[in-house]
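Now that you have both chains on their own, put them together as the hints suggest.
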Amino acid sequence: MSLFGKKQKETAAVTYISHTGDTQQVLVPVGDSVMEGAISNGINGIVAECGGACQCATCHVYVDESFLARLNPIQENEDEMLNTTFCPRRANSRLGCQIPVTKELDGLIVRTPEAQQ
Amino acid sequence: MPDGVVIVGAGQAGFQVAASLRTEGFDGPVVLIGDEPGLPYQRPPLSKGYLAGKQAIESIALRPTAFYEKQRIELLPGDRVIEIDRGSNWVTLASGRRVQYGTLVLAVGARNRTLSLKGAELDGVRYLRTDAEAVEIKERLAQARDVVVIGGGFIGLELAAAASEHGKSVHVLEALPRLMARVVSPILSDFYRELHTSHGVRISFGVELGEIAGRQGKVSAVVFRDGTAYPADLVLIGVGVVPNLELAREAGLAVANGIAVDEQLRTEDAKIYAIGDCADHPNPYAGARVRIESVQNAVDQAKCIAATIAGRVHSYRSVPWFWTDQFDISLQMVGLSAGYDRIVTRGEPESHKFSVFYFKQERLVAIDSINRPGDHVVGRKLIANGTTVTPEQAADLSVDLKALAAAP
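Residue numbers (our numbering), protein chains in the order written: chain A, 1 to 117; chain B, 118 to 525.
Possibly wrong hints are sitting among the right ones.
Claimed, not checked - Straight line, CA to CA, 25 Å or less: simulated BS3-like cross-link-like pairs of lysine-lysine:
| hint | chain 1 | residue 1 | chain 2 | residue 2 |
| --- | --- | --- | --- | --- |
| 1 | B | Lys255 | B | Lys171 |
| 2 | B | Lys470 | A | Lys9 |
| 3 | B | Lys519 | B | Lys498 |
| 4 | B | Lys519 | B | Lys470 |
| 5 | B | Lys255 | A | Lys9 |
| 6 | B | Lys477 | B | Lys519 |
| 7 | B | Lys255 | B | Lys335 |
| 8 | A | Lys9 | A | Lys103 |
| 9 | A | Lys103 | B | Lys171 |
Honestly, the hints are just simulated from the structure, not real lab data. Keep in mind it's a predicted model, so treat the numbers as computed, not measured.
For reference, chain B alone in the conformation it holds in the complex (with noise of 0.2 Å):
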C-alpha cells in the first residue's frame, strides 16, 4: 500500500483525517487504528452533556459503523501501533498485524496526568478520558456522597458541576490560588468561584495533598499535607494531561512539548505528519510553538493536513477556540490569551453577561465570553484578520464590533 495514509490514533483528530480524505477527493487507502474498542466517538460531552444526564452514550459516536464502510475507511479499533519503522514505511501493531504506509498521520493524543499520591489505587479513585471510564463514573456518582474533585481545571470542574447536579457534596482541591488559572484572568476565575459556591460546592485553594485514605481497599477520605482530612467516597481527578511521546520518540523522530511538527503540521520526516493534542506546532496565534488540547484544534489540524496530502498543500492558521459547560453557563474562548499584558471587560460580571478582551502589547489576542455569543462569533473573525481594537473599544458596549469587523 505504497500510496496508502495510515492514522495512527482514533480520536477527534484521527477520525477527521480519515474523513476528510474523502472529501478532498483522495482516492487511496486510508487505514483508522485506535487502540479503544469501538467506533471513534466525541471526547467533550463525556464530562459535559452525558455526566449532567442530558446526552446518551449511544449519542456521542462521531459516525455509524456504515460510514467508514461507504468511504472505505478501514477501522482497525482495539489495537495500537507499537513500531515504525521508517526505512520501510511499515508499522507493527500490538496484535501483530503490519500495515505499510505511503503517509503515516500520529493523531496519538494525551493521555491523564496521574497523581503520584499514596492511596491513589484506591477503589473509588477514577479518572476521565474514555467513554468507559465516564460510564463508570456516572455509575458512581449514583452511589455516591461525597465527592472530592482534585482539580480546578476545565475538567476538574465539569466534573464537580455534574456531581452537584447529582445533588452531591462536593468539594474542589485546587493547588494554585485561584480556578482555571492556566488559562482565563481572574475575572473569570472569580466569576466561576461565584457559580460553582452558589450551587454548593466547596472549594479549597492552594492545596497541598498529602494523602488519598481508604478503608478496606476503598477510598474513605482525602488528606491535606497539614492533616486536615475531608471525608470521600469517590475522588475524581482532573489535572491535566501528557501528550503520547513515546512512539514517535522511539521512532527518532524530534519531541519536545508535543511531537514537533512544522507550519504543514509535518514532521521531521515527510511522510510523517503530527496533529491534534500531540502536536507541537507553530501557531500564528501564539507566535510562539504550541501545543493545543481542543476539539477545534484536532478538527482544523485534520483538515489541514487531508488537504495537503490530498495535493493541496496548507498551511496551518486556524484560530484556535473552546468551550466549557458548567451549570447553565456556557465559557466561550477564541484566541490564545498567554503573556496578555492588558484586560479590559465588555458588560458586567455581575449580570452574567460579560467578555474578557485580552491584549498583549496592544494588540486583541483572546476573548473569553459569558453569554455574550455575539462577542464570540464577531471574535473569530477580529482575531483571524488582525482586526485593529483597541481596548477603549472593546469595553464600550456602543460600539458595533461587526462593523469593525466588516470594515475594509
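Chain A on its own, in the form it takes in the complex (with noise of 0.2 Å):
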C-alpha cells in the first residue's frame, strides 16, 4: 500500500436485505450500479441476466422508501421493463442496473425479492 498510489476510488454503502432478511452491506464505487454491486460482492437475489442492458428484469429490487426521493428517475424502457419482473411490481420497484450508485446514495438499502425469473 503506497502512500504515493492511485487515489482510492469513491465508494458508497450499499445494504442488501433478501427475502428471508438476510443483510450484507458493502462498498460500492461511486459509478456503479446497484446490480453491479451485488454481483461484483457475491450477493444472491440478483441474477443480471443481459448484463445492465436493461432487457431482461432479473435484477430487480425493492428500494427503501427513504432513498426514492434521492434516485435518478425512471426511464420509460426500465419503467416497461418492470412490468415483466418474476414477483409483482411495487411503487418501490427498481432495476438495480438503471441505478448509480451516488455519493448521496451513500447507506442506501434494497431488498431484494423471492426470485427473478
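Structure, rendered in C-alpha cells:
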C-alpha cells in the first residue's frame, strides 16, 4: 500500500436485504450500479442475465422508501421492463442496473425479491 | 466422477449451466472448462458499453472468484477439451488432464469468420471476439485516424458507432445492398443507414473487396476489386461467426449447421447436450431447426438443460429476443422474422419511435422496436402465447396491445 498510489475510488455503502432477511452491507464504487455492487460482492438474489442492458428484469429490487426521492428517475424502458418482473412490481420497484450509486445514496437499502425468474 | 457434469466452454451458456445446476438443486460435481484465461465474462459489452467508454473492462465478469468457490464449481480456465471418449465417458484436455463425466455439456460457441483476403494478416486488421481483443481495439482506436469497418451487421455497426463516437473517420463496407440484411426489414436497414450517416459514418453497399494494402507490415488502405482504394490505419472486421463443431464431429456426433440436438437440447448421445451458439436445435418460433447466436438463447438453453439434468425434464421453448445498441439508439427485437411475408409499422420511423411487426402466413412472428420498449415487452408475451394480432391491429396506435396480450 503506497501512500503515493492512486487515489482510492469513492464508494458508498449499500445494504442488500434478502427476502428471508439476510443482510449484507458492502461498499460500492460511485458510478457502479446497484446491480454491479451485488454481483461483484457475490450477493444472491440478483441475477442480471443481460449484464446491465435493461433487457431482462432479473435485477429487480425494492428500494427502501426513505431513499426513493434521491434516486434517478425511471426511464421508459426500465418502466416497461418492470412490468415483466417475476415477483410483483410495487411502488418502490426498480431495476438495480438502472440505479447508479452516488455519494448522496450512501447508506442505500434495497430488498431483493424472493425470485428473479 | 460418474455423476458429475462437465461443461465444455465457459462463455455465457457454459457459465449459466453451472450456475443454474446449483439453483436447481443439483449437488454433484460441476466442472467448467474454458479456453480463455480468467473468469467467465459477458461478451455484449465488448462492442457496446466498453468500447463506448461507458463500462469498465473489470465490470464484465459474470461473477467474482468467490462465487465459484461457494457454489463448488470447479473452473478450469485457459484449458481446452481436445477429445471426447464417449465409450468410457472421459474428456481429455490440452493440458493433458483427463476428466470423467456423467453428463457432458458442449457450450463451445463460435469463432469469427475470417476473410481470406490478401493483406488480412497486416498489423492493424482486427477482429472482435474476446475481452483481450476488445482492449486492444480500444487502444488502437485511440491512435487511429481512418477506420474502415468490413461488415454492416450488428457487430460491424456497433464497432462503427463506437469508432465514430471516438471522433474517427469511419467507413463501413457491406457486400449486400443494405445494413443488417440477414435479420431486419428494409425499413430498419434504412433507419440505421440514416442514423450512421447523420453521425458522419460513410457506408458503401454492394462492395466487392480486392485486398487490404499495407506499408511495412502495417495496414494503409482497403482496396475494392475495381481498384478504388480507401485509406485506413485500422480495419475492423465483423463478418459473422462459424460454430465450433470439430470436437463434436470428431466424437462422431451428428453436426449440420451446428451440433444437432433434440427438443431437450440433447445430442444423439443421451449423456451429451449442446447449447448456445453451437447448437442446431428445433425451435418452435422458427418452425424449423436453427442455430441462434444470442445471450437470450445461451441463457435460456442453459437453464433448460440444468433443470433436465437436475431431474425436471424440460423441452426448450423460450421466445428469442435480441438487442443492439448503436449511438444512442437501442433496437429491441423479439421473435424470428425469417420468412416473413408481410410487415406493418406501428408509429412513424421519422419520429424515431416505431416498431416493425413481421407476419408469416398471417401469424405475428417478430417485432423490432426503436424507442418503443412497451411494444417489445408486450411482444414477448404476444409471441410466446401465439396471441392473434392482425396487421391492422398492429399498425393502429389506438389498439391496446397489452389488453390483447392479457385477453384469455
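Going down the list of hints, with the structure as the test:
This hinted pair checks out: B:Lys255 and B:Lys171 have alpha carbons roughly 13 Å apart, not beyond 25 Å. At roughly 39 Å between alpha-carbon atoms, B:Lys470 and A:Lys9 are farther apart than 25 Å, so this suggested pair is violated. With a C-alpha separation of about 9 Å, the suggested pair B:Lys519 and B:Lys498 falls inside the 25 Å cut-off, and the hint holds. Of the pairs offered as hints, the one joining B:Lys519 and B:Lys470 holds, with about 18 Å between alpha carbons and a cut-off of 25 Å not exceeded.
At most 25 Å may separate the alpha-carbon atoms for a hinted pair to count; B:Lys255 and A:Lys9 meet this at roughly 23 Å. With a CA separation close to 21 Å, the supplied pair B:Lys477 and B:Lys519 stays within the 25 Å bound. Simply put, B:Lys255 and B:Lys335 have alpha-carbon atoms about 17 Å apart, close enough for the 25 Å limit, and the pair holds. Proximity of A:Lys9 to A:Lys103 is assessed by CA-CA distance (about 12 Å); at most 25 Å being required, the pair is judged to hold.
At roughly 19 Å between alpha-carbon atoms, A:Lys103 and B:Lys171 fall within 25 Å of each other, so this suggested pair holds.
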